[in-house]
Amino acid sequence: DTEVTQTPKHLVMGMTNKKSLKCEQHMGHRAMYWYKQKAKKPPELMFVYSYEKLSINESVPSRFSPECPNSSLLNLHLHALQPEDSALYLCASSSGVKTANNEKLFFGSGTQLSVL
Amino acid sequence: AQSVSQHNHHVILSEAASLELGCNYSYGGTVNLFWYVQYPGQHLQLLLKYFSGDPLVKGIKGFEAEFIKSKFSFNLRKPSVQWSDTAEYFCAVAGYSSASKIIFGSGTRLSIRP
Chain A
74 DTEVTQTPKH
84 LVMGMTNKKS
94 LKCEQHMGHR
104 AMYWYKQKAK
114 KPPELMFVYS
124 YEKLSINESV
134 PSRFSPECPN
144 SSLLNLHLHA
154 LQPEDSALYL
164 CASSSGVKTA
174 NNEKLFFGSG
184 TQLSVL
Chain B
3 AQSVSQHNHH
13 VILSEAASLE
23 LGCNYSYGGT
33 VNLFWYVQYP
43 GQHLQLLLKY
53 FSGDPLVKGI
63 KGFEAEFIKS
73 KFSFNLRKPS
83 VQWSDTAEYF
93 CAVAGYSSAS
103 KIIFGSGTRL
113 SIRP
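As given, the protein sequences belong to chains A and B, one line each in that order. Following our numbering, the numbering of the first sequence begins with 74 at its first residue and continues without gaps. Following our numbering, the numbering of the second sequence begins with 3 at its first residue and continues without gaps.
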């Protein structure tokens, strides 16, 4: 299984809503990532979890709250988002072994988020 | 911090033409370099990667890239493109000391005329 599964595929939410994005992989990867991708733009790194600990936070606003309950799951909790947060949110995973020689990101299909 | 630049925003070629997409990076140490492709309606996939050794790297679907350290470049090439190569291509870089922080370039949209 070389899949990274993201749910939901589409999400529409109001600015006062609380929602969560979910990501799952069963490849034994120990690094998991959240990227944000606007239309016709490259993915922008948001968070990196390594061995279930948050290792990188790219100065993301606190209305985005990541969570890694176990090595297979990664959540992104959303609260009080703004319309400009509308984007494709991509989850990725990699082996996470720090030698870097086998670093390869496996991406999910993303959650297309619209904030009204 | 590392950064990566792709200067070609949109490239249009006819089938069988040769392709070269530019990628330049900035980082003060050892780097790992990647090319990812995003076909229409699909998620990002790795085309090829460079970590060390032979600077000419071969990837899937006939693509190759050459790491030129003196020019801080990692250009993607294919001798003869096909219509199915129509996609968005992203160069990415990770500094060796922060291997988990993979930063993407702005992307190049490749359109192939049948």
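These aren't lab readings, by the way, just hints derived from the structure by calculation. What you are looking at is a predicted structure, and each value in this text was computed from that prediction instead of being measured. Keep in mind that a hint or two might mislead.
Dumping the calculated PhoX-like pairs for lysine-lysine here, alpha-carbon to alpha-carbon at most 20 Å [unchecked claim]:
no., chain 1, residue 1, chain 2, residue 2
1, A, Lys177, B, Lys73
2, A, Lys113, A, Lys95
3, A, Lys114, B, Lys60
4, A, Lys113, A, Lys82
5, A, Lys126, B, Lys60
6, A, Lys126, A, Lys82
7, B, Lys60, A, Lys177
8, A, Lys177, B, Lys63
Hint check results:
| no. | hint | in the structure |
| --- | --- | --- |
| 1 | Lys177(A) with Lys73(B) | violated (24 Å) |
| 2 | Lys113(A) with Lys95(A) | violated (24 Å) |
| 3 | Lys114(A) with Lys60(B) | violated (26 Å) |
| 4 | Lys113(A) with Lys82(A) | holds (19 Å) |
| 5 | Lys126(A) with Lys60(B) | violated (34 Å) |
| 6 | Lys126(A) with Lys82(A) | violated (26 Å) |
| 7 | Lys60(B) with Lys177(A) | holds (15 Å) |
| 8 | Lys177(A) with Lys63(B) | holds (17 Å) |
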